[in-house]
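There are 2 protein chains.
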Amino acid sequence: MTRVGREVRVRGYPAGPVTTGDFEVVEVEVPGPAPGEVLVRNTWTSVDPGLRLRLRPDAPAGYFVAFPLGEPMDGVMAVGEVVESCAEGFAVGDTVTHAKGWREYAVVDPAEVQLGGIGTLTRVELEGAEASWFLGPLGGMGLTAYAGLHVVDALRGGETVWVSAAAGAVGSLAVQIARLSGNRVIASAGSDDKVAWLQESLGVEAFNYRDGLDDRLGALAPHGVDVCFDSVGGDHLEAALDHLGRNGRVAMCGSISDYESEPKGPRNLFLAVSKDLTLRGFRGSSNLHLMPEMRQLIAGWLATGELVHRETVFTGLESAPHALAEMIAGRTIGKTLVSIG
Amino acid sequence: MTRVGREVRVRGYPAGPVTTGDFEVVEVEVPGPAPGEVLVRNTWTSVDPGLRLRLRPDAPAGYFVAFPLGEPMDGVMAVGEVVESCAEGFAVGDTVTHAKGWREYAVVDPAEVQLGGIGTLTRVELEGAEASWFLGPLGGMGLTAYAGLHVVDALRGGETVWVSAAAGAVGSLAVQIARLSGNRVIASAGSDDKVAWLQESLGVEAFNYRDGLDDRLGALAPHGVDVCFDSVGGDHLEAALDHLGRNGRVAMCGSISDYESEPKGPRNLFLAVSKDLTLRGFRGSSNLHLMPEMRQLIAGWLATGELVHRETVFTGLESAPHALAEMIAGRTIGKTLVSIG
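Line by line, the protein sequences give chains Z and F. Quick note on numbering that gives the first Met the number 0: the first sequence kicks off at 0 and runs consecutively. Quick note on numbering that gives the first Met the number 0: the second sequence kicks off at 0 and runs consecutively.
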């Protein structure tokens, strides 16, 4: 049986903000799986800030290479259901995660290592979890939040942790993991709605950085902060350097403020010298060894309700480009996802 | 007896390169030591890149505060001889280090903590060492070089370490400590004379960054470097981010390229995320606990001749401003010092 499915392709790299016109949705014939492969019907696909970085012809090194134009977008996480299997260990009906998202059907080779291993085809056991959570708190988002706090030694508690982009997928998890690990958490975001959610649902002190990043952070932490978990870069990283105390640490998760413009480095980086600061860049996928302990911890907190997970869901594959534009513009809360079919 | 001595004062903060006209040398009456104090005749005073940072009205936070105008320059290291003592533990004739340099005579209170402890009045035992070495390899310079390699875990050997400003006081020690610890060391400096000294006397691979920082570094380390010991900042820090491999580390010692201009941050800082890099700012004086092991190690290497120490000496207190200007312009090699009286 020949299937037909839709996939999203990049038509051209946006010069400024992402628009839906930068993409096209095309219908393609889906081949059956070759020996050793699996055919997956995707049910959810992920919308991540890092995608924006891959919409630049000058995408930085590492695995953040530019998406090729006019081809399916490989290296984006999806959850799906196995509909045909020619690979040992995968059966029809299995729920799996893999890195061939932004399409309705994907033929996946389990032997292909994707995204440093995190995107390699993997069967997941739901055990009471929603399938979409494996793109969020039980997947790469949870790992990134947990690993970032781990690599700057912020899981032992008793410190003041500032999380920027705190209403986002990773940020909202970093906020809660840091708090549940015994830290005082200060969260920042870019809208009053997000701030209200952080305060009321996540139970932390929060502020809207558009009201004055320096002033608001200084007022909440007059004696400085110990750790910053930063996904924003730019003025947020400069504020981190300003407000960190001696021996402070920054978990550098990304710099979304730079993704649509020419990056500028922090002008006050010398403070790292004068205050003995550590800036630690990291990728979730470089810390796959932490996945089991992260999943156990977060699944437990989700089950008891101690950890809150929120999703902004767009419906239908064709909404994926719009979802990305909305997320980058700061108009989504929690994990941004597209539900398919 | 009333003594008269000269001291250097800052007349005004330079807008661009330091000139001797930014300073004045004045003759002052030197009081005798009050109870608990010691009068020291300085024999050597230090000339450090960090001084330039304190010649800015907008000097960054921490102990890098601006020198007040028209007053003696406190917080600069000196070596001297006790000529009068009203303090227990210090006798006439003792060799001491302290932080009241750039003057001929200093009245020092041993109870006053200076430069995080490193500048507090301390008696030193020469034991075959030259007194001036306590401003260099056996003092703050040695500690800074050793501590920087220590905090980025570069003392275990077996890695490729790039040291910038490698012909400077700290750089030339970092080069040698890294090499003697079993690392491959690549050194860079800004003149062919310096490069020749690094190659011939210090026995490491070296290049002149003015011949093309990126090209030369890439040619010497085509597979990347593991650690950068950087005192330059600016384009050097950008090159570090470009050439570090996965899990690379930067020991950020300073950013002398920024001290006479508006600082710019590294535009490629995102590479810290994509390559899991650690940028570790540090101060030597924050690592005073390493002083005993550093001194033992370096004194041993100096005694056997395994470690080479070079000084550029200017004679007479009045030459101190000129010495500073020459050092910042890159025209001195090794530790820059002023011998007094």
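Note that these hints are calculated values from the structure, not bench results. Quick reminder that beta carbons are idealized off the backbone N, C-alpha and C, glycines included. Treat the hints loosely; a few may be bogus.
[Said to hold, decoys possible] Stretches of chain F that chain Z covers, calculated by requiring three or more beta carbons in the stretch to come under 8 Å of a beta carbon on chain Z:
1. 104 to 110
2. 214 to 220
3. 258 to 267
4. 281 to 287
[Unchecked claim] Short derived list, chain Z residues pointing at chain F, Cβ under 10 Å:
5. ARG5
6. ARG8
7. ARG10
8. TYR12
9. PHE63
10. VAL112
11. GLU237
12. GLY253
13. GLU259
14. LEU270
15. SER273
16. SER285
17. ASN286
Quick rundown of the hints versus the structure:
Here the stretch 104 to 110 of chain F counts 0 residues with a CB under 8 Å from a CB of chain Z, which misses the bar of 3, and the coverage is violated. With 0 residues bearing a CB less than 8 Å from a CB of chain Z, the stretch 214 to 220 of chain F misses the requirement of three and the coverage assertion fails. Under a criterion of three residues with beta carbons nearer than 8 Å to beta carbons of chain Z, the stated coverage of the stretch 258 to 267 of chain F is upheld, 7 such residues being counted. Only when three residues or more bring their CB closer than 8 Å to a CB of chain Z does the claim for the stretch 281 to 287 of chain F stand; here the count is 3, and the claim holds.
Interface hint status for Z/ARG5: violated, as the beta-carbon distance to the closest one in chain F is roughly 31 Å, over 10 Å. Taking 10 Å as the C-beta contact cut-off toward chain F, the hint placing Z/ARG8 at the interface is violated, the least distance being around 24 Å. Checking Z/ARG10 against chain F: minimum C-beta separation of about 25 Å lies over 10 Å; hint violated. Using the Cβ-Cβ criterion of 10 Å, the hint placing Z/TYR12 at the interface with chain F is not satisfied: the shortest such distance is roughly 17 Å.
Evaluation of the Z/PHE63 hint against chain F yields a held restraint, the C-beta minimum of about 6 Å falling below 10 Å. Because the beta carbon of Z/VAL112 sits about 15 Å from the nearest beta carbon in chain F, more than 10 Å, this interface hint is broken. Satisfaction of the interface hint for Z/GLU237 is found here, the shortest Cβ-Cβ separation to chain F being roughly 8 Å, below the 10 Å cut-off. The closest approach between the C-beta of Z/GLY253 and any C-beta of chain F is roughly 6 Å, which is under the 10 Å cut-off, so the hint is satisfied.
Interface hint status for Z/GLU259: violated, as the beta-carbon distance to the closest one in chain F is roughly 13 Å, over 10 Å. With a least beta-carbon distance of about 6 Å to chain F, the hint placing Z/LEU270 at the interface is held under the 10 Å criterion. Checking Z/SER273 against chain F by beta carbon gives a least distance of about 4 Å; that is within 10 Å, so the hint holds. About 5 Å separates the beta-carbon of Z/SER285 from the nearest beta-carbon of chain F, less than 10 Å, and the hint is met.
Nearest Cβ of chain F to the Cβ of Z/ASN286: about 9 Å, under the 10 Å cut. The hint holds.
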